Amino acid sequence: MSTAAIPGAPLPVRTPGSRARGRHRRPERPEIPAGSPSLVLAVPAAAGPESRPVVEELLSIVRGEQPGIEAAAAYLGSTDPEYPTIAGLLAQAAEAGLPAPVVVPLLPGPHGSLTELHRLAAETGAIVTDVLGPHPLLAEAVHVRLSEAGLARADRARLFAIATAADGVVLTTAGGEEAAAAAGITGVLLAARLAVPVVPAALDVPGSVLAAVEHLRATGSVRPALAPLVIGPEADPELLATAAEETGCPGAAPLGAYAALGQLIASAYLSALEIALADEA
1 MSTAAIPGAP LPVRTPGSRA RGRHRRPERP EIPAGSPSLV LAVPAAAGPE
51 SRPVVEELLS IVRGEQPGIE AAAAYLGSTD PEYPTIAGLL AQAAEAGLPA
101 PVVVPLLPGP HGSLTELHRL AAETGAIVTD VLGPHPLLAE AVHVRLSEAG
151 LARADRARLF AIATAADGVV LTTAGGEEAA AAAGITGVLL AARLAVPVVP
201 AALDVPGSVL AAVEHLRATG SVRPALAPLV IGPEADPELL ATAAEETGCP
251 GAAPLGAYAA LGQLIASAYL SALEIALADE A
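Residues 1 to 281, numbered by full-length UniProt numbering, are exactly what the sequence shown covers, in order.
Since the hints were made in silico from the structure, they are not lab data.
Have a look at the derived ranges for each label pair, beta carbon to beta carbon: (1) Gly184 <-> Glu57: 26 to 32 Å; (2) Pro136 <-> His215: 23 to 29 Å; (3) Ala259 <-> Gly97: 31 to 37 Å; (4) Ser60 <-> Val188: 27 to 33 Å; (5) Glu57 <-> Val188: 24 to 30 Å; (6) Val188 <-> Glu245: 27 to 33 Å; (7) Ala244 <-> Thr79: 29 to 35 Å; (8) Thr115 <-> Glu246: 25 to 31 Å; (9) Thr242 <-> Glu178: 16 to 22 Å; (10) Ala34 <-> Gly176: 40 to 46 Å; (11) Ala96 <-> Thr242: 39 to 45 Å.
The structure displayed is predicted, hence computed values, not measured ones.
Ideal Cβ positions, reconstructed from N, Cα and C, are used throughout, including at glycine.
Sequences and hints are given; from them, build the entire structure.
Written as structure tokens, this is what we have:
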């Protein structure tokens with residue numbers, strides 16, 4: 001029996017697999033030169049039991065993606081010395097005479113914490129990369145989370161019926177109207193994967209998610225669903241719960257420690273490192 005026939009069973013998603021041979025094989029990661037700056041994964045939240053597991057898992061993925069990388073996480077706020085703040089970690093590197101770190105924001109799009117992050121980096125000479133999105137891998141991650149919740153078809157090429165699949169998706173963000181606007185590109189990519197309309201909305205703008213759901217319903221959607229384009233730490237969990245309650249729509253889980261996010265983090269670091277090394281040459 002296929003999983004599609006089992007109520008509540010997650011729907012598998014076909015994702016591109018890596019090819020081991022030939023010209024399509026996955027490119028090897030470059031070797032990191034000795035004395036290169038470390039990677040600081042900037043978490044836009046205070047350290048806490050909700051964010052730590054996701055962050056630690058992503059760091060593990062990054063280290064697996066790029067052997068030899070020196071990577072650590074830092075938080076906007078922390079009262080536990082085991083989990084340093086961004087300000088503290090950058091200052092520590094400067095005091096030790098180490099190369100200014102490459103700071104990768106753990107964000108899929110624009111967010112209010114970026115202003116503070118850039119200010120802290122400017123004080124120490126640290127490099128701040130772009131946020132992780134928009135990117136096709138983020139659309140893939142959202143698709144997987146929707147499928148796990150039974151809200152998305154696993155594969156457009158398979159023509160079996162799935163009664164629980166949503167016929168419209170609200171792509172929810174954290175970061176105000178700017179984040180919602182930036183999510184439009186990922187929304188287009190997601191719509192192409194799902195073959196249903198996708199509308200972005202801001203969790204932290206009152207009425208934004210409800211308006212997006214009403215728009216989908218007005219255009220014919222009868223089973224809209226909510227799909228967070230948030231990794232987790234950057235969004236107040238209460239906002240997600242409130243959006244679900246106000247709209248009456250089912251929703252997928254945040255992206256969390258999805259493996260492709262580790263790839264994006266490693267790629268952001270390597271791109272910044274390449275530029276830094278070229279400037280020194």
